[in-house]
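S.K.: In case you want the letters, here they are:
Number of protein chains: 2
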Amino acid sequence: MADLRDSVFLRACRREATPYPPVWFMRQAGRALPEYRRVRQGNTMLEACRQPELIMEITLQPVRRYGVDAAILFSDIVVPLQAVGVDVEITPGIGPVIAEPFRRAADLDRLPALSPSDVPYVSEAVRALTVELGPVPLIGFAGAPFTLASYLIEGGPSRTHEHTKALMYGDPATWHALLGRLAVIAAGYLQVQIDAGVSAVQVFDSWAGALSAADYLQSVEPHSAALLASVSGVPKIHFGVGTGELLTLMGQAGADVVGVDWRVPLDEAARRVGPGRAVQGNLDPALCFAPWPVLADRVRDTVRRGRGAEGHIFNLGHGVLPETDPDVLRRIVELVHSETAPH
Amino acid sequence: MADLRDSVFLRACRREATPYPPVWFMRQAGRALPEYRRVRQGNTMLEACRQPELIMEITLQPVRRYGVDAAILFSDIVVPLQAVGVDVEITPGIGPVIAEPFRRAADLDRLPALSPSDVPYVSEAVRALTVELGPVPLIGFAGAPFTLASYLIEGGPSRTHEHTKALMYGDPATWHALLGRLAVIAAGYLQVQIDAGVSAVQVFDSWAGALSAADYLQSVEPHSAALLASVSGVPKIHFGVGTGELLTLMGQAGADVVGVDWRVPLDEAARRVGPGRAVQGNLDPALCFAPWPVLADRVRDTVRRGRGAEGHIFNLGHGVLPETDPDVLRRIVELVHSETAPH
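Protein chains in written order, with this note's numbering: chain S, 22 to 364; chain X, 22 to 364.
Just so you know, the hints here were simulated from the structure itself, not pulled from any lab data.
Since the model is a prediction, treat every value here as computed from it, not as a measurement.
Where is the CB? At the ideal position from N, CA and C, for every residue including glycine.
Be aware that one or more of the hints could be misleading.
As the list claims (entries may be wrong) - Computed beta-carbon distance windows for the label pairs:
1) X:VAL118 with S:ARG58: 53 to 63 Å
2) X:LEU129 with S:THR65: 42 to 52 Å
3) X:ARG131 with S:GLU37: 51 to 61 Å
4) X:ASP24 with S:ARG321: 57 to 67 Å
Required output: the full structure, derived from the provided sequences and hints.
M.R.: The following block contains the structure:
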């Protein structure tokens with residue numbers, strides 16, 4: 022356990038000095054890997070998320086292949102929703118599809134709290150993974166209340182979030198009750214993972230960037246803060262896309278690390294996030310399709326900009342794109358590990 | 022003609038004092054209107070864009086219905102691409118679909134310059150509309166080189182722009198040649214509209230917000246600036262979505278007015294855009310689904326924040342959403358017109 026606690030990843034989360042930035046990739050366990058596509062055959066996404074053996078195998082694949090400094094549990098932010106009884110499926114090429122979208126106060130009854138016995142496969146997989154991973158930290162995760170609410174209310178992915186915002190503006194009582202319940206479910210899901218042994222957690226508020234700072238502060242941040250406050254004992258990472266205007270507020274929401282997409286340079290992002298927090302990011306996933314010399318320059322630039330932060334975990338600015346060549350990700354890890362701090 | 026030149030819209034473009042901010046809505050001519058859905062029946066989008074009678078009727082519908090301070094020509098940013106021979110259709114529910122995506126230098130041969138005789142229906146419709154509209158200004162428009170390139174390279178709408186960025190990073194010579202040609206085509210399309218009598222033009226760089234400021238500056242801004250520089254004699258508006266990090270650069274690209282989405286408050290946006298420019302925006306289109314008192318507060322707040330700018334044209338932060346109640350848009354116009362500057 023001494024090894025694990027002193028891992029480069031957890032040191033960076035604690036803003037301690039590291040010889041190089043630790044690296045992992047959002048969606049590193051996923052479609053870019055042929056071995057992933059192979060083991061997923063014959064199972065829907067959510068079926069795969071309920072099988073401890075598959076969860077383990079898929080979680081371990083990118084650790085073997087890329088040599089990343091942290092594993093992330095193979096799961097999905099809608100897993101706890103399905104576990105409490107929401108009728109949801111993940112449709113290939115689309116994303117989560119909710120059979121009966123949430124629109125009214127009465128829909129709250131469909132969101133009871135999550136009990137550990139609702140997700141036994143998660144506890145089992147995490148326990149076995151921590152043994153298997155040894156000194157490599159395992160990251161658990163959950164969806165943030167706003168992003169979960171958007172899926173529930175829209176019935177699936179949305180570019181405009183129009184029904185979500187209509188409820189947010191039109192019925193604040195139901196809105197806050199809904200986000201409160203989602204925070205409780207997400208907190209329960211994180212607690213299951215922490216109790217089973219994950220070393221850190223990430224809260225995905227992928228769609229928060231659709232909001233102005235004023236709306237985020239009033240209607241969303243309190244629930245993300247409550248979720249983050251419910252977690253103790255492990256470092257917490259807080260991530261969203263297109264959050265340039267929200268980074269200061271996200272820095273204040275209670276996480277140890279704030280994830281940043283590629284639109285804001287990492288040194289500027291660290292300034293916005295403020296002191297006492299590390300940053301995670303922020304290479305544009307599309308850069309993985311660039312020629313290696315161009316990509317390598319950007320990787321080095323990201324590492325350089327990250328040196329000004331109190332702590333830096335190297336990552337992409339959003340998830341690995343499905344068409345990405347796995348060998349490119351492996352080379353990125355190698356390059357970041359070779360970029361030791363100048364003396 | 023004196024009336025037209027002194028219209029509230031053109032005065033605001035010139036940063037002259039106006040009794041209230043002029044209002045128009047991006048996509049005001051479109052699916053939210055039952056009379057639009059009626060006249061579009063039996064025609065594809067691009068067929069409709071080639072019929073002067075239909076262009077006229079659809080352009081006029083929102084002026085009649087909403088009492089907006091400007092009309093915008095009914096067209097599409099891919100109309101000039103189709104007119105020079107690109108095989109493109111607009112598929113309902115998807116958007117532009119390009120039969121053979123552009124990926125190589127050889128594809129440049131498929132992009133000859135636009136001649137006015139390629140789009141006779143546009144000249145004819147604009148000429149007739151300027152008569153019909155009398156004192157109401159008509160806005161012409163074109164797509165910016167980056168946004169057009171993304172459609173051509175991806176083959177359709179994309180959330181990740183991965184092929185586009187791969188070409189941008191991987192083959193700068195082809196990239197710049199492609200954006201250069203697209204700027205020439207877009208400039209030609211704007212010139213046709215200006216020669217036929219439009220009073221202002223808007224350049225839509227809808228997807229520029231997918232880029233970091235450094236990439237925008239190096240790979241995109243020169244071509245947008247060239248396009249804007251090619252236009253003279255009428256005010257120019259420059260718009261993109263999610264451009265919080267780019268507003269200063271967009272302000273320097275040569276437009277008279279910079280359009281802003283709802284993520285940045287309008288007073289802060291005006292600060293970023295800098296002196297010597299007006300701003301346009303920036304009500305979240307999803308707010309049209311909020312109860313009227315909530316929406317009215319936000320409209321007033323937008324007007325208030327716009328007073329600090331050198332000029333303010335009231336608009337949404339992106340296009341009218343298809344499910345929007347037209348009566349809500351009518352009430353917004355009425356409210357903005359009643360918000361006269363305090364004495």
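S.K.: Tell me the numbers of any earlier hints that the structure contravenes, in ascending order.
M.R.: 1
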